[in-house]
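Now for the letters of each chain:
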Amino acid sequence: MSAIEPPVQRVWWKQPLDRAELLWIILALAWCLIMFFMMPYWHLYGKQDLGSEAYRMSPDDYAKLTEAMVTKYKVREEGGDQKVPVVHPPAGSDVYLIARLWSWYPILELESGKTYRLHLESMDYLHGFSLQPENINIEVVPGYDRVLTITPEHPGTYGLVCNEYCGIGHSTMTSRLYVVK
Amino acid sequence: MATNRMFRTCPSTGLVFHQPAERLMMANAVAAAVFLLFGGILAIMVVLTRWPAVHLLAADRFYQVLTGHGINMLIFWVIFFEIAVLYFCSSTLLKSRLATPGLAWAAFWLMVIGALINNYAVFWRDDSSVMMTSYAPMGAHWSFYLGLILFAVGALVACFVFFGTLVVAKSERTYVGSVPLVTFGAITAAIIAVFTIASGAIILIPTFLWSLGLISHIDPLMYHTIWWAFGHSSQQINVAAHIAVWYAIAAIVFGAKPLSERVSRSAFLLYILFLQLASAHHLLVDPGLSETWKIFNTSYAMYLAVLASMVHGLTVPGAIEAAQREKGYTHGLFEWLRKAPWGNPVFSGMFISLVGFGFLGGISGVMMGTLQLNTLIHNTLYVPGHFHATVVIGTSLAFMALTYFLIPTLFRREVMFPTIAKWQPYVFGLGMTGVALFLMAAGTLGVPRRDWDITGAGNAFPYSFPGSAFLMLGLAAISGLIAITGGAMYLLNTVGSVFFGKRIQTPDFQHVRAAEGVAPSPKPVAAAIGSYHPGGGGALVAPGTFILALVFLVSFVLYYFINWKYLATVWPMR
Ligand code: HEM
Ligand SMILES: [Cu+2]
Ligand SMILES: [Cu+2]
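Chains A and B supply the protein sequences, listed in that same order. FYI, our numbering numbers position 26 of the first sequence as 26, with every residue one higher than the one before it. FYI, our numbering numbers position 371 of the second sequence as 371, with every residue one higher than the one before it.
If you are wondering where the hints come from, they were derived from the structure by calculation, not from laboratory data. Incorrect hints may appear among the rest.
[Unchecked claim] Derived DSBU-like pairs: lysine-lysine, alpha-carbon spacing no greater than 30 Å straight-line:
id : chain 1 : residue 1 : chain 2 : residue 2
1  : A       : K83       : A       : K64
2  : B       : K565      : A       : K181
3  : B       : K327      : A       : K14
4  : A       : K14       : B       : K170
5  : B       : K327      : B       : K422
6  : A       : K181      : A       : K72
7  : B       : K565      : A       : K114
8  : A       : K114      : A       : K47
9  : B       : K565      : A       : K47
10 : A       : K74       : A       : K181
11 : B       : K327      : B       : K339
12 : A       : K83       : A       : K72
13 : B       : K422      : B       : K502
14 : A       : K47       : A       : K181
15 : A       : K64       : A       : K114
[What the hints assert, rightly or not] Partial chain A-side listing against chain B, Cβ under 7 Å, derived:
id : residue
16 : S2
17 : E21
18 : C32
19 : V75
20 : I136
21 : G159
[To be verified] The following label-pair restraints were derived from C-beta to C-beta distances:
id : chain 1 : residue 1 : chain 2 : residue 2 : range
22 : A       : S112      : B       : P466      : 20 to 30 Å
23 : A       : G167      : B       : V176      : 52 to 62 Å
24 : B       : G213      : A       : H88       : 58 to 68 Å
Glycine residues also receive a C-beta, built at the ideal position from the N, C-alpha and C atoms.
Work out the full structure, taking the sequences as your base and the hints as a guide.
If you want it as structure tokens, here you go:
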């Protein structure tokens, strides 16, 4: 009987498997398990894993922490009319980045090969931290301070693009990040 | 009980249509096509704006049109068609009357009104360009949410009409034994739909109240999580529905019977068991959720739902191969496939849908849903690339293929332009394959989705994407226009045939009304013919399919590990 008619054997769950099916199920299941265990494996032994360190924090408190960092480690300002501070925090320190409609604040200058605790939080809507061309993409959520221990490599100027739709100015929300020797 | 029993037997297929059900199927299918038309017109504007060389619309229009494209396509076109499929799989396949046609009409109108209200918010009020995901705290006008809620309530009622029909069929004994496999798949889809709509209610009703000012705060992370419990599970409905359609088409075109009912049905059961975990793969780079939770959920408890899809991917073509071999196409591994009716759009559409869904949609989906790999493509154009392979090549093309079968049987019209019908699946499938691949390529190069302009012109700190990214966007747009041509061919043919096609007369068809006495239920058919193989042993029944499946597995493994290799070159982070 075809698939649009009732099965011949009422008790379909006792019908025998075809050999090809059985073989395929075994192969597919094995592959599924490999894919599954890749994730905990990489979590333990891989180098790129976002981890889950995050705290609830009001945008106001987060903005204060960011401002404190900016006053302490500002090295210069960049941009035409709207000046954005560039900060060069010491290796190993807590580095704060604000996402808001429609800009990133401040511009970070990090040293290659050094490790930082990078914080990300949005002041309003959801935003997307997208570091180009490195292609690291992270959701930035208001009210949650997410901490990432990150080690920049390869000195250069990186693009920072918002890739979570955040309203009419979405595509103007670009900035940069410097990695220096 | 004075029930209205009006049945018609299709002379060419022997299917039995209950007239009220038939009208409902037609209404839902026509509504689906209307929304496909609207979403397709919006697609033209979307692709022409994302083609940097053309850049058609202004930013506000683009976001409005993209919001409308997503909702009208993914929600209205797909779900209206699915309701028609549900009625077909219950009433028609079980040869039963449809339970409560009145309620089914109420459901239909609720859905229509909901869809109109939502489009009113997006296009008329012009204050709800929030994308279909409408992530709080970005808010739309209350009518945006109200429209979606009404639509969802309508769909829920339709699901219950479907379940009611199953009960009616069972109690009136319109079939013997278990329900057919295709109906089983439809039941899977409907069960998932009920769960999905419940999640939708949990998130959309508070958001609706919030938009009215009755609730002061919606936690964005909570919204993100529950919205995707709704948003992704609904994709699970689509998968279950279009796989049921694949099985149906294999049965209709080839008379194929499942290799084994047990395997195919168990695979459907796996969908039901693991669907509620699906929301996680959208949250892999969100803060505030533990990695253990993410790993367990994103893999649907060790990829058992993926396993289910891989099983269907073997058993559907496997059943076709077995049926073809029985007809004598036994030469070599692939004669059965070469000699398949490639000029019949019912078959070609279904087969392109199957291959595209598996190779493009399936592999990319599992890659994206891997905890650490997600960081590479989250929110880039890779994501729309992936789901145009699943929901457009997979679901939409399967539905289009089924339509070519429904025009003569359900609508009783001849297909108006057979040559156009013959080429349509190829044009649409080819175009969409291009859209999927080039969007994925652009995403791999970092181009964001839902982004009006990637040149950064006028920004204080623009980022210039590599030239190859612009090339990919151009190619995606050209492929998009080909796909849209394919969509137009489909609509031209369906609308033309359904409204102006030559009528097919059914001999002996007469209306029997309740007032004139109740007509007898159609007689249950006696079960005949066994399955292909008495049970294991001997040669494989579908060796060609097995080889194709191995090719699939090898591509899958290679692509998966290439991405890990790429990830390993990214900055270390913890
Ligand atoms: C007919 C040809 C089609 C073309 C050329 C097309 C093209 C596109 C493109 C280029 C995007 C991405 C825009 C962006 O993120 O910036 C998009 C988004 C989308 N498309 Fe299509 N599409 C087509 C048909 C469909 C169909 C049939 C469906 C559903 C069944 C669909 C569902 C979606 C959805 C859900 C989105 C996401 C909207 C959002 O981000 O909220 N599309 N489409
Ligand atoms: Cu943003
Ligand atoms: Cu999903």
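Evaluated hints:
1. A:K83 <-> A:K64: Within the cut-off at roughly 19 Å; holds.
2. B:K565 <-> A:K181: It holds: about 26 Å lies between the C-alpha atoms, which stays within 30 Å.
3. B:K327 <-> A:K14: 27 Å, holds
4. A:K14 <-> B:K170: The given pair, whose Cα atoms are some 22 Å apart, holds under the 30 Å limit.
5. B:K327 <-> B:K422: Distance ~24 Å between K327 (chain B) and K422 (chain B) Cα, so the pair holds.
6. A:K181 <-> A:K72: Given that 30 Å is the threshold and the Cα spacing comes to 21 Å, the pair holds.
7. B:K565 <-> A:K114: Distance of about 23 Å is within 30 Å: holds.
8. A:K114 <-> A:K47: With Cα atoms ~14 Å apart, K114 (chain A) and K47 (chain A) stay inside 30 Å; holds.
9. B:K565 <-> A:K47: Roughly 12 Å between the alpha carbons, so the hint for K565 (chain B) and K47 (chain A) holds.
10. A:K74 <-> A:K181: Holds: K74 (chain A) and K181 (chain A) sit about 18 Å apart, inside 30 Å.
11. B:K327 <-> B:K339: 11 Å, holds
12. A:K83 <-> A:K72: Since the Cα atoms of K83 (chain A) and K72 (chain A) sit roughly 17 Å apart, the hinted pair holds (cutoff 30 Å).
13. B:K422 <-> B:K502: 18 Å, holds
14. A:K47 <-> A:K181: The given pair, whose Cα atoms are some 21 Å apart, holds under the 30 Å limit.
15. A:K64 <-> A:K114: Holds - the C-alpha atoms of K114 (chain A) and K64 (chain A) are around 25 Å apart, at most 30 Å.
16. S2: Since chain B brings a Cβ to about 4 Å from S2 (chain A), closer than 7 Å, the hint holds.
17. E21: 5 Å, holds
18. C32: Constraint on C32 (chain A) satisfied, holds at 4 Å.
19. V75: Status violated, d = 16 Å.
20. I136: 6 Å, holds
21. G159: 3 Å, holds
22. A:S112 <-> B:P466: 20 to 30 Å: 22 Å, holds
23. A:G167 <-> B:V176: 52 to 62 Å: 59 Å, holds
24. B:G213 <-> A:H88: 58 to 68 Å: 45 Å, violated
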